[in-house]
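Build out the structure end to end from the sequences listed, making use of the hints.
Residue numbers (this note's numbering), protein chains in the order written: chain R, 852 to 1428; chain S, 715 to 876.
Note that these hints are calculated values from the structure, not bench results. Check each hint, because a few of them may be wrong.
Claimed, not checked - Heads up, incomplete: computed chain R residues facing chain S, CB under 7 Å, no partners named:
1. Y1037
2. A1160
3. N1163
4. K1164
C-beta atoms are modelled at their ideal positions from N, C-alpha and C, and glycine is treated no differently.
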Amino acid sequence: MKTNGGKALMKSLEAQGVEIVFGLPGGAILPAYDPLIDSSIRHVLVRHEQGAGHMAEGYAHATGLPGVAIVTSGPAATNMVTPLADAMLDSVPLVCITGQVASGAIGSDAFQECDTTGITMAVTKHNFLVAEASEIPQVIHDAFHIATTGRPGPVLVDIPKDLVDANNPVSHFDDYEPSGHDLPGYSPIQKPDHASVLEAAELIFQSDRPIIYSGGGILKARAAEQLRELAELLDIHVVTTLMNRGGFPDDHPLALGMPGMHGNYTAVTAIQESDLLITLGARFDDRVTGKVDEFAPNAKVIHADIDPAEFNKVRSANVSIQGDVGQTITELIKALKQLSETKDHPDRSAWKSQISGWKERFPLVYDDWQQGEGLKPQYVIEQLRDNTPDDTIVASGVGQHQMWASQFWKFNHPYTWINSGGLGTMGFAVPAAIGAKAGKPDRMVWAIDGDGCFQMTNQELVTARLENFPVKIAVLNNGYLGMVRQWQELFYDERYSEVHLQPDLPDYKKLAEAMGCVGIRVESPEEVKPAIDQANEINDRPVVIDFRTEASENVYPMVPAGKSNSDVIVHPSQGND
Amino acid sequence: MAEQFHTLVVRVENKPGVLARVSGLFARRGFNIQSLAVAPTDNELFSRLTIVVDAESAPMEQIVKQLDKLINVVRIQELSPNDSVSRELILATVNLSEGTEDNIMREIESFDANVLSVGDKKIMVSLSGHPDVINEFETVLEKYGIVEVQRTGIVALATIAQ
Ligand SMILES: Cc1ncc(C[n+]2csc(CCOP(=O)(O)OP(=O)(O)O)c2C)c(N)n1
Ligand SMILES: [Mg+2]
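Now the structure itself:
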């Protein structure tokens, strides 16, 4: 049967099970938007292509399915660079279709031409420039395969306009079903090596002070259950990195929460004092390690990851195990059970009581609110946490509010925390929350955003209103690029350089209303809960709450950049020696 | 060749942009390339790169593993100097004068190099051989004044196991 590139593109996406795409049309992708009308796929029309990319990411984070974005050539493709880079660093499965100028015009500086595959080479797991219309079914098939297998990541498919244009004979070809993949250089290893697993099990039996250092790979591998089983079997504490919040329940007695630059004292110190890091789907990011040379100086390292390039990249491993981290944990549990028939674990009671001592002495704290101050942002987050369902999905921006959200929310379920970890993309929260709501319409979705971040992508609330994604946005409005302000306060002698925003401009309440949302302003602590309750009741449109928070508040604990984790600065009330 | 240089033989899919992917990876991760040679293989679907990398710039393990992540990279062989042969070709045009002509011709002969083209004041020679020999030859030619020189970069193959 004859088909054409445009039709085939839609059919190929449908064949992948795609139900929703996020995008915005333009000249080069125009012919592909015509068969979209007849497709079963829902298209969400965004207000800026960056929004489409982050929505696709939010959708992927929340559902585990690949997110899909479709945009035109040139400026639309360049607007997509940030979400691609974001997805690359956080291993988010994403497929992005970009229009390209017609085949014959490529290389001529045609209108809205840019070298999309060249520009995005460094920020995609792989990209394709389609050369012939008949390649489209196979390339789409391959793109989804690459995006979702191995270490997930973004894949871009650039398609010249003529190849999807039904009126152009070059778009015509005999339809076919792609079968298999001709990717001789791509065969990700899933199954862990048995000998390495045994070796890891032996190391665990020898360890007096082990800790499980779990990262985003746990969520990507859908291995939260296995992680819990391992922790309980061994009775070993678990730290969850920023990318794995929710991957181990915060209300579990073995949970230590987030490590790293703004991690809590116990998580940071338990890693630091450990003699064995059981590293599962984590990559020793500099925000976790602090000064690498002084990171967990006495620890041996077990490193399990799907991506072997992570082994020995930052920290050398005593045992590295390549493979799906879920399968690895399952195998490890088997090996540990077997070994336990002939061996005993060392007595770890001293280590455990040391950990509980830290927990008791250094909980996350903040000063009480004083009359005349702005709201305590931590209090706002606690109120949000306590007055929303346990499985609420939280998306966040990047800055102080992100760290407080990660610290003070209690994540008891996987896939409830969606944030930009690796790239640290301001503006991520609003579109990511919308994407999450698109994927999980029955769940409550809150974004915890900063005033700076909100101003970067809030226009997508128009999309949310029109497409009926009733997300709720808590803007922690401190009138500052707060995280940068904090660094200037602490490391630049309080010389504030270009960090003051203006809490009253824009008028967030009116701005929300102008975009068809409900806008609420909250200035005093007693208004916090009622406002949250009110927002929770609203389900026919998005809600924005402008929480006027205290500008001078700092995030603690803190490990200054480049310093050792042993130099962690705790909240002033807990004393630093 | 100094020891920090390692030779990688990389089989890649013969797809547009594959060289840009490889060189882009080296550039953005700060891996230094000493030389890079590209050639077709007996199978038109694949090309073969011989990359000499500076292992001082990054650990070889990282270089190989990052390279392997490129979808179009099919196979990477790390050749150790003991188990491989490497060759390079040099083309050079050198100044010629009455006083030096005899000496140059003797040097060319002693290296077993070929004369490709001769003029009144210039001579063009070529030599293929082990990169160390090529280095030596180039140093010799420099004495007479090199007008133009082009080296191919190293190509290498594993020696046949006995
Ligand atoms: C796109 C982008 N630009 C700049 C930065 C650097 N940056 C990190 S946090 C931050 C401040 C964010 O301000 P806001 O959204 O108000 O959050 P707050 O820290 O005040 O909670 C800035 C500018 C960034 N991460 N992303
Ligand atoms: Mg702010």
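Now the hints, each set against the structure:
The interface hint given for R:Y1037 holds, since its Cβ lies 5 Å from the closest Cβ of chain S, which is under the 7 Å cut-off. The beta carbon of R:A1160 is positioned within 7 Å of a beta carbon in chain S (closest approach about 4 Å), and the interface hint is therefore held. The interface hint given for R:N1163 is met, as the beta carbon of that residue sits about 6 Å from the closest beta carbon of chain S, less than 7 Å. Because the beta carbon of R:K1164 sits about 6 Å from the nearest beta carbon in chain S, less than 7 Å, this interface hint is met.
In summary, the structure agrees with every hint in the numbered list given earlier.
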